[in-house]
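K.L.:
For reference, the chains in residue letters:
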Amino acid sequence: MLRFTLRAPTFTRALPLLKKYPVSTHRSCRTPKPTMFHKQVSRLYSTGSVQLLAKILSTLLLLRPPVITADLPKFESQYYNYQKELWKRLMWTFPKWFYFREGTLAEQRFRELNKNPVHNNPNMEFIGGRPIIKHQRDLRFKQVLRLPKPYLEGEEGEVEGLESDKPVVPNSRTTPADASNDTTSLERKLARTLYLVISEDQGKLWAFPNFSCENTPLHKVAEEGLYGLGGTEINYFNVSPTPCHVQTSDKGKEFFIKLRILSGSFVAQNKNTTFKWLTSEELGEHLSKNYYEDIKHLMSAV
Amino acid sequence: MKISVQINPPSILCSSIMFAARKTNLAAVARTFARGKKIQNKKQGVNNASTQKVVNQLSALSATKKQPKLLKLCPEDLIKHKTITNAWNVFQRKQRTKEAEILAKQYESIKDAMTELKELSPELFEAALKKERKFFPLEYRVPVDYPPRNPWNYQVKKL
Chain A
1 MLRFTLRAPT
11 FTRALPLLKK
21 YPVSTHRSCR
31 TPKPTMFHKQ
41 VSRLYSTGSV
51 QLLAKILSTL
61 LLLRPPVITA
71 DLPKFESQYY
81 NYQKELWKRL
91 MWTFPKWFYF
101 REGTLAEQRF
111 RELNKNPVHN
121 NPNMEFIGGR
131 PIIKHQRDLR
141 FKQVLRLPKP
151 YLEGEEGEVE
161 GLESDKPVVP
171 NSRTTPADAS
181 NDTTSLERKL
191 ARTLYLVISE
201 DQGKLWAFPN
211 FSCENTPLHK
221 VAEEGLYGLG
231 GTEINYFNVS
241 PTPCHVQTSD
251 KGKEFFIKLR
261 ILSGSFVAQN
271 KNTTFKWLTS
281 EELGEHLSKN
291 YYEDIKHLMS
301 AV
Chain B
1 MKISVQINPP
11 SILCSSIMFA
21 ARKTNLAAVA
31 RTFARGKKIQ
41 NKKQGVNNAS
51 TQKVVNQLSA
61 LSATKKQPKL
71 LKLCPEDLIK
81 HKTITNAWNV
91 FQRKQRTKEA
101 EILAKQYESI
111 KDAMTELKEL
121 SPELFEAALK
131 KERKFFPLEY
141 RVPVDYPPRN
151 PWNYQVKKL
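Heads up: the sequence lines are chains A and B, in that order.
Under full-length UniProt numbering, the first sequence has 196 at position 196, and the numbering climbs by one with no breaks.
Under full-length UniProt numbering, the second sequence has 155 at position 155, and the numbering climbs by one with no breaks.
With the rest of the complex left out, here is chain A:
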């Protein structure tokens, strides 16, 4: 183990030197230069080997993937709305006779909801142009259809009818955790990717969890460290054992390992440890500016 860590770095350190001072093949300069090169290499071997070794750290980037789809920005939603309206305008007429057989109750209900447009009366004057009616639809405009519902709608939005027939009301996209701005909750900002940051000094300095690595694979260290920090009630998924980034700090070389939390919760095992689940923008407020600039590209835009 030790043999590896001591010998290999010095050898690879010498590689750029090889490029810088290529061993010339010309006869005239063959004799002096290799000796110089050998001197340099031997010096590196003798002194630099221990000093060059930086401490390897495994930094955990634990993220909670979004639960709901991203919120559409204003411009995009407006553009999609415009396209939808164009599409509706160019849509074919609804073949009513195919879906509602004539003389049935359903057809009667449909007819009550969808009144026929004003027909092209030759004795009338139309200001916006004469209507072109085909199959009870004015071909100049989009067709607005209202379908009979299986429930009765009363006053103030109350509905009567069978439970199974009632309209589906989707859950709110914002949760109580959003309302109370609970940063320790996994249910906040469901549309965003959240990242775990911890603090050992009651919230003065925030950082990603860091673990020192002693000849154990980086991802194994990160996974074990996560269990040590936040308890074993975490179901995580690691896409790859390859580190996604390296950051040099005063502690050593921090290798970033990305893990995804799928279920369970992070419960701080140490009393002094406080944690937060933050979006990428909020990370910028909690981490130092230079550090955040270096790792910004690792964060998801959503």
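Careful, some of the hints might be misleading.
[Claimed, not checked] With a straight-line Cα cutoff of 25 angstroms, these simulated DSS-like cross-link-like pairs (lysine-lysine) come out: (1) A:Lys-220 - B:Lys-118; (2) B:Lys-118 - A:Lys-251; (3) B:Lys-80 - A:Lys-142.
Calculated from the structure, these hints are not laboratory results.
Fit chain B to the given chain A structure using the hints.
P.N.:
For chain B alone, coordinates are given in the frame of chain A:
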């Protein structure tokens, strides 16, 4: 001889059926050829119920009388439309270049990390490159438009 006798009865049956079918067909033909009498009126539609069904189905698919009027935009509206489309294209282009930049940066940082790791510890480098056989977790959900009743599952089920 015996064999022919055995075959005979079914052949008779068959011919009788054919004869019966032919009889009805002949009657139909006679009706259509009746002079001065229109059997199929345009207003009446098709007489046969099954044919009527097919005609209905086809009419639901066909474009006749169902296509709206073509969009004829006035110059002002056309300029508006072009501006909107142009803005969208610019927006998309910007987004695509931004994504490409981020991807390149991510690739570079992976590369840097791996070269550094190779220098520092070849053992860890080998471990980081080792491919494990793993399955995509079933608990990983695709984002949906509205959250479920319990947005987060706090129960850990070890599979």
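K.L.:
For the pair supplied as a hint, B:Lys-80 and A:Lys-142, confirm whether the alpha-carbon distance does not exceed 25 angstroms.
P.N.:
20 angstroms, holds
K.L.:
Are the Cα positions of B:Lys-118 and A:Lys-251 separated by 25 angstroms at most?
P.N.:
19 angstroms, holds
K.L.:
Are A:Lys-220 and B:Lys-118 close enough, with their CA atoms no more than 25 angstroms apart?
P.N.:
Holds - the C-alpha atoms of B:Lys-118 and A:Lys-220 are around 18 angstroms apart, at most 25 angstroms.
Checked against the numbered hints above, the structure breaks none of them.
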